Structure formats: C-alpha cells, structure tokens
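Enquirer: Here is what each chain is made of, one letter per residue.
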Amino acid sequence: MIFGPLNTKLIRDIWNIKGQMLAIILVMTAGIAIFVITFGVLDSLKLTRDTYYDRYQFADVFASLKRAPELVKKQVNNIQGVSVSESRVISGVTVQMETMDEPISGKIISLPDGRKSLLNNLYLRSGRMLYPNEQDAIMIDDSFFNAHHLELGDKVSVIMNGHKRKLKVVGVVLSPEYVYSIAPGALMPDSKRYGLFWMSRRSLEAAVGMKGAFNDLSIKIDRQANIEKIKQQLDLVLKPYGGLISYGRDEQISNFFVSNELKQLESMGMMAPIIFLSVAAFLINVVMSRQIATQREQIGMLKAVGYSDIEVSWHYLKMVLAVTGLGAVSGLVLGTWMGAGMTQMYTDFFHFPILQYNFSVVVMIFAVFFCTIAAVSGTLFAIRRAANLPPAEAMRSESPNMFKPSVLERLGLHAQLSFLSRMILRQLERRPVRALFSALGMAFALAILIFSFFMEDSMTYLMDIQYELTQREDVNLSFNEARSYQALEEIYAMPGVLKVEPIRTVPVTLKFKHYKKRSSIMGLSEQSELHRVINEDLNPVAMPATGLVMNEKLAELLHVKVGERVEVEVLEEKRQKLSIPVTAYTQEFIGLGVYMNIRDLNSLLDESPKVTGVSIMLDPNYGAVLYKKLKQVPAVMGLNIVSVLRQIFDEIMAESLLKMMSTNILFASFISFGVIYNTARITLSERGRELASLRVLGLTRREVAFVLFGELAFITVISLPLGFLIGKILLSAMVISLESELFRIPYYLNNSTYGYSVLIVLLSAIFSFYLVWRQVDKIDLVSAQKGVE
Amino acid sequence: MPDPRTISFKTDSLKKSYITGETEVHALRGVSVEVPTGELVVLLGPSGSGKSTFLNIIGGLDQATSGHVYFCGRDLATYTVRELTYFRRENVGFVFQAYNLAPSLTALENVALVTEISPHPMESLAALKAVGLEHRANHFPSQLSGGEQQRVAIARAIAKRPQVMLCDEPTGALDIETGIVVLKALIDVNQKYKTTCIIITHNAAIAQLADRVIHFADGNVSHVNVNDSRKKPEDINW
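Same order as they appear, the protein sequences are chains A and B. Per numbering that gives the first Met the number 0, the first sequence starts with residue 0, numbered consecutively. Per numbering that gives the first Met the number 0, the second sequence starts with residue 0, numbered consecutively.
Isolated chain A (complex conformation) (with noise of 0.2 Å):
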C-alpha cells in the first residue's frame, strides 16, 4: 500500500503543527530565495553586459591624443596583436537648453560617414542613424534625451570651439561606451547635465578644426595578445601627437563604474544570500531537531510495534523532505520572480539595451540542497538520539530529569526567587545547550536585521562626510583649460558670489618602486574651506607648504608612506616627470585622491599661477542669475551643484541599492518571526503536559504563561547583546569584503538601526508569544493528564 496509515499519520501530522512547519517554510523561502535573487540578478546582469560588449564592439584599449594625421592609424594597425582600430574626433561642448539656468556640459564624438564603426557601435532607440556627412545633425545619449523630454527633431544648442551652432537630433542611441555617462570628473552620473552627442566625422572634423586627423583611438585586440605590450607600443607610437597615455577596459570610466557596482553588489551579494541560507539552514536544523524530540514517545510506541529504525527515520525524514520541498519550491519561485523583477530594475538603471537572464540551475540546487542537508541533519541527529533509545524508555516521558537548584538559588538567593521563577531558572540551567542554540537563533535574526539596515545608514554616513565635511561649497566648476587667476577674480565679481576657492588639477601617473596609478593632483590653497581634506578624526588637513596629501587608499596600493618620495609623471603637453614626497595621509571614502597646496603644484608645473576650476560660496538667492550668467561663459566648461549632486545620489540609492536592501530587511523580518515563534511553539509542546499539571493544581493562565513565557523572554534578552555582536562580526567582514578603489565603505551604524532591529525582534516576539498564548488556553488539562496530547 503505498498510500499506508504511516503516511496519514505524516501528513495529519504536519498538519497539526503547521503553524510551525508554516514559520520553517518562510524562514527556508526567505534564505533560498535571497539567494536565489542575488546571484540571479548578478549572472544575469554579467552575461548582459557582455553580451552587450561583445554585439556591439565594445573595445578593449582606448587612448586620446592632441592630434594626429589620420595615416599614423596605419603604424597603429602594423602593432603586433591589434586586430581592428577606429580613429575618432572627440571635443567636449557646452550646452545651452532652454530649460535650464545653468551651463551643461557634454561632449560631442565623431561617426564614420559612409561605413558602420568598426568599434563601439551604438544601439538605436529611436529615430535614425546620420546620413554620410550630414550637417548640422546629431544623435544623443537616451538618458540626456529624456531627461530633457527632448523630441525627435528638436534643436539643441551648443558651443563648440567657441562657436554657438544648432544641431538638430535626428536620432537616439545607447553606446557600450558609455553605460554610465559620468562627466569628467564626478562621482556619480547625471544625465541631466552632462550630454554625450555623436556627429558626422566629416562635419565635426570642420566645426573643431581637425581635418584629415584625429584626436582618440579605440583598439581591438587578438584574443592572445598581450595588452601590456600593446599598450606600451601605442604610447610610443601616440606620444608625438601629443598622447595620453593608453588604458584598457578596467580604466575606461563607464566600464570601470558598472564594474564597480557589480562588485558592489556580488559582495553584498555574496554575503547577504549565503549569510541569511546559513541562518535558515540553521534554524532549520534546530527547529527540525526539536521537533523531533518532542515525537519521542511516538518514535518508541512505532519501535515497539515493530517498525525498524530505518522505517521509523524514513518516516521522519519524509516530514522533513515534505516541509523543505515547499519551501524550497515557494522560494525558487519567489526568487526568479523577484530576481527576474530585479534585473529589469537594474538592466533600466544601466541602460542595457537587451535583457539576459541568467538564473542558474546549479545556483538554485545548491540553495536547495544546502536547505535540506541542514533539515536532514538536523532530523537525523534527533531521530538517532530517539531511537538509539530502548522503546519501554522513549516511550517514558522524558520529564524527570536531574534537576538541581540553579545557581542564583546556590548563591544564597533562594529566598527571593518565587517558586515560578525558580522552575524558569532551573529549567534553563537543566538544558543551557538548547537555551543558548533558542537564543543564538534569535541573535542571528537580529544580526540579519541589522546587517539589513546596515547600507543604507553607511552610505548616508559617507554622503554627510563627503558633502558636509569635504565639499562644503555650494558650486564648483570647471574651466575648458587652465586660467589665470584673472578668470578667479571674474567669477568672483558675478553676482550672488560670496566667496571663491581656487582649485588646479592635473592628471598624473604616480610611481613608486614598481607600482604605479593613475590619478590627478588637486591644488588647493593652504586655508581651504570650502573643499577641504580631511583626517581619520574627520579634522580638516591643511595643505603643507609642499609635498603631496595622499589617500590613505592609494598609499596603500602604492606601498609608499609619509616621508618617502613618489614619481609623478604629468599627463599633460610638457609631460615633466617630478619626485614629491607624500606628507600626509588623507581618509577618504571614494576615490583614490591626491592632494597638494595650488602654489607648490603651479611652481612645479613651472607656470605662472593657473586655476582649472572654482570652489563657491554662494547667497542662495542668486542661484539662477549666476547660472545663467555662467551659460554665457564659453570657457565653463562644466558645473557641479553640490545640493543637486546629493539629490542624484539620493535616488540612485533609492533606486538601486535600497531595493535590495528592503527586501533583504523583509526577508530578515520574516526569519526573525519565524524563529521565534518556533522556539515559543516548541518550548510549548515541550512543556505542554508540565503547564497543564500546574493549571490543575490551581494556577492561573497567568502564573502558567509566566512560566513558559519567563523562559522565553530569557532567551529573548540573552540574544539581543548576541545579535549585536554578531550583526558586527558580520559588518566587519562586509566592509572588509566592500573595499575597492571607488568606494569605501564606513563602518557606522545608526542609533535607529539598532532601535529598529530590536523592535522588529520585540514585535515578532510579542506576536509569537499572543498566538502561542491562545494555544495554553487550549491545553485540555483532563487528556493532558492522561498522558495523551
């Protein structure tokens, strides 16, 4: 019979507990389907984003230049290992649309007229591609196009080499090149103030003077070259035309921010799915053994009858495999769901023109495997101690056991305890093991909890430095090339001007033995204030008359320390190679920044005092006039509104990070519920026919519940200093894991977080306890008594 009374008895069972078996499904749900979402949404994003690469050419090395006549692209191609090059016109412009007071910037790339790119190609949205040496015609950025609520056809002002021109869009492209439009520059994108539009070769080669050259170089190359040596070479080749130096994909600035964001997200990532499946697979190993052990008495009556160890272990586990396979099925289906939700969210939020996903099998048999090996071990662990049992003993409540006067009784406390509390004390001190296992499970949702809200409060914490501390000014903007400090004096004059900060920066490469990074040296005055640098006690850093104040990070990666000398190769015309010594350290969370006083960088530079940008202070009613004013300023290159930019990383936040962050605060609150109500269920079943003995000796419901709920609220208050400790063992190893040359993350957590955590565990408890409430009101104390459940 296959359908037998062993399996009615199985499923009635399950049915009699399900409250219980319901809280183990949503705890397993929640860990499988984190899971399940993270690296979903990870591998998807992945194989779009090289999908996205490699169907539209995305090159693997870029270089720019001053410029170069279009035959030394030939000496290029004859570099052993380039497979294919595209030379380009590159010029950066100013835009004026109507709708906005201040000056956008943006920057205008050339298309070959007649043939499609070899390299970057673009993915037209809408409209249509240029016609060979179409005039006065472009195609821009989709993210610049809506932003603006720009229409097909429309005509878009811009300054190019000091001319105003009108172009008309003719169409709306994405480029691998350009999935994250981030202006020189800034930290974050902003697509309503920075535009990328793309012309005509031929056209622009006239509008910015570079006919017959070009000024930037995009390479293929061989799957087996070496990119080291390729690039070595094409500096050489490049450096009479005045060239930068080359970089690969990892420096080019879109690809290096989705990179990032990725890695940001695999760590989080990686640690929040296999943190909350471990948690689960936890709990479920705990909850599982218990309930268990509360079947004893019916493990020894199935012995006695004559059923083998085997079939009796057989039978428990079914339970197990029965309450896994739902949660394992309602969590693979929750997680592609959300997973595949999530990954449109992000392929929207990086512009990825297709959408693959990539949920992986071997991903979700593993969470589920994971989930089931914990559960099974946990059933046959009890099941072993069950029936390792003689039958005449398992059939034997368990009950009167070794119980001895605890030790707050043993040190003289005995008078002050009521009987109550001593029956909750020695309990407790009877099974500590399983006391602390309750508790730690309790600790690890709560840890959960607050790693959930951990995000959220750092970021805002790195947001309030970066923009209270550091970038105190209001504006800051930049020049098309270095001024004198004539142009300082004129922005100063401009009206609703209070105050103004000279700021020079120069792109450099800084060596040091045989480490070398890219960066750029920021001059700044001695006294800044308004952008200042800042300590490890967040004090301001006053620039030392000479010598670099660098980036604790990027000493790091050099190996250099104060007082050792580092070689600075200048990237720009004179290309002087200079020997400074790094002075100080400077703490800061984004970025690898280079510091220096503006005096000490304009003699080294061996210039008459130059400025590349302004710091400003600036009388908040006079926002609009000084924009506009600046708009008519061909040589403003670009403008940073520092309110604007908090804005922005506000809603990138919200958009992408905090997605995540919510559910996984959703996912750790149904954990923490379900843990608790377990232990509080569990602990009932346990005590259940001890409770109703008391209940017929005249207690009252509540004398009775104190005791089963003392015991809890215990192992409440124990877990609660655990779950802090944990929550920051696991956030250590989060910001440890976190750390990249972008970002680091604070370890800071809000007062609230922590408020909110032990609220969300107090609620689940005080939930846990009412509906565990309403079942001592149901215990028949006649059966009780006979011994029957």
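Some clues are possibly wrong.
Claimed, not checked - Computed spacing ranges between beta-carbons, pair by pair:
#1 G171/B - A732/A: 23 to 33 Å
#2 N6/A - G171/B: 41 to 51 Å
#3 Y746/A - Y17/B: 35 to 45 Å
#4 V24/B - L665/A: 52 to 62 Å
#5 G3/A - T64/B: 36 to 46 Å
#6 I309/A - T64/B: 21 to 31 Å
#7 P45/B - I728/A: 51 to 61 Å
#8 V80/B - Y746/A: 48 to 58 Å
If you're looking for bench data, these hints aren't it; they were derived computationally from the structure. Keep in mind it's a predicted model, so treat the numbers as computed, not measured. Glycine included, every Cβ here is placed at the ideal spot set by N, Cα and C.
Go by the hints and put chain B onto chain A.
Expert: For chain B alone, coordinates are given in the frame of chain A:
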C-alpha cells in the same frame, strides 16, 4: 533447550542493571522462569520489583545485562537490533498502561499501522470487532474513552496474530468496570487464538483469572502459583 510447542518463554539467570546518576540499580537479579505456550500468565509484585523490566526484555524492547531469554528455542540475547525489530514485528503484541496510540490516527488506522507491516495479519476491522469497537473505527483517540483507547491498543496488538501478548498494567489507568471489559477482551484473545498472554498488574484479584501467577520481589521471582481452574472476570470479587 525448551520445546517451543509447550514453552513460549524460558529465562535463565536474567540480570539487568542500570546506572541512574551515581547509583547502580539492579532491576533484575537473575530471573529463571518458564512460561508455557497458550497460558494466561499474571506477573504480580510491588513497584520496583522488576516486572516491567522483565516484560520489556522478553518482548525485545530492552536488552538484558546478562543471562538468556529463549523464545521458541532461540536466545533473544544473541539477537541483533534488526532481529529484535523483526521479532517484535512478527511475534509480539504489546499493550501499555498509557495506551500509546498515535493521536493523529483513527482507531482503525492505529490498527492498520501494525497490519501494514505484519506477515499474516487479520483485517484491521476484524481486530476492532474482536474488542467490540467496530462502531468506533473512525474516531480519533481523543474522541475515545480510556477503556476504548485501551481496547484499540489490544486490537492493534492482536491484529498481527502474535504468538504472545505482553501487557504492562493494561487496566492501571482504568476504573473497575472498564478494566473488566478490557480484561475480558484479553481473555477472549487468549482463549480464541491460543495466544500466550503475560499481564503485569498490581491487582491481586486479577491473579484468579490466570493459569499461572509469577510473583516478583526485589528483582527476582519469589514464587510461582499454578491455578488448577481459572475464574471468569465477572465472577471475581474486585
């Protein structure tokens, strides 16, 4: 070697000791006794005299520290755990004081739990009929009275057509009238199927129903009485 046609159980210097806490408890101190096939045997004696331990060992629920238990000519002491399981499954019907029914199964299903795994069982419903409970077949244990639950337990025990029934205080939790009903059921089984029945009890009156009464005291058999004629339950002065 006893003849299995006449002797169900024979024990030889059966000893059992446990360690509880720091003291060693000698539950059985060398019991040597015979139980003839087909008899109704009552084990009498005060609490802690070793009756239950003895019953558990001959029923294969527990193993002796030393000595031998012969059942149908084979020594249970040499059985592996697996063999003991099959011994219980095929030969022994248990009835416990606390009934030990599966609360999530109906009366009929509780019986079927055993018929499922027995080599030549009777119909589950027939077993319930034998204890007069066919009309309660679809009730859960919680819907049955104590006496009814114990009769389900007896039905469960007889359903496998065991060679022996081992009953540990089957009426201990029941009132007198219900107890009589349960005992009648046991005697019926004994007479109808010629099943050897061994019943533990505190109640000396029950001894008058038995073919043989084995008295336990302090972990040993003090003496054995053989009744020439058995009384009927209703004739006993409880």
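Enquirer: Cβ-Cβ distance between G3/A and T64/B: within 36 to 46 Å?
Expert: 37 Å, holds
Enquirer: Has the hinted range 48 to 58 Å been met by the Cβ atoms of V80/B and Y746/A?
Expert: Given about 56 Å between the Cβ atoms, the range holds.
Enquirer: Is the gap between the beta carbons of I309/A and T64/B within 21 to 31 Å?
Expert: 27 Å, holds
Enquirer: Taking 23 to 33 Å as the hint, is the beta-carbon distance of G171/B and A732/A inside that range?
Expert: Check failed, 60 Å falls outside 23 to 33 Å.
Enquirer: Within 41 to 51 Å or not, the Cβ separation of N6/A and G171/B?
Expert: 32 Å, violated
Enquirer: With respect to the beta-carbon atoms only, verify the hint that Y746/A and Y17/B lie 35 to 45 Å apart.
Expert: 56 Å, violated
Enquirer: Quick check: does the Cβ-Cβ distance between V24/B and L665/A fall within 52 to 62 Å?
Expert: Check passed, 56 Å falls within 52 to 62 Å.
Enquirer: Falls inside 51 to 61 Å, the C-beta gap from P45/B to I728/A?
Expert: Hint holds: Cβ distance 59 Å, inside 51 to 61 Å.
This entry does not satisfy hints 1, 2, 3, going by the numbered hints stated previously.
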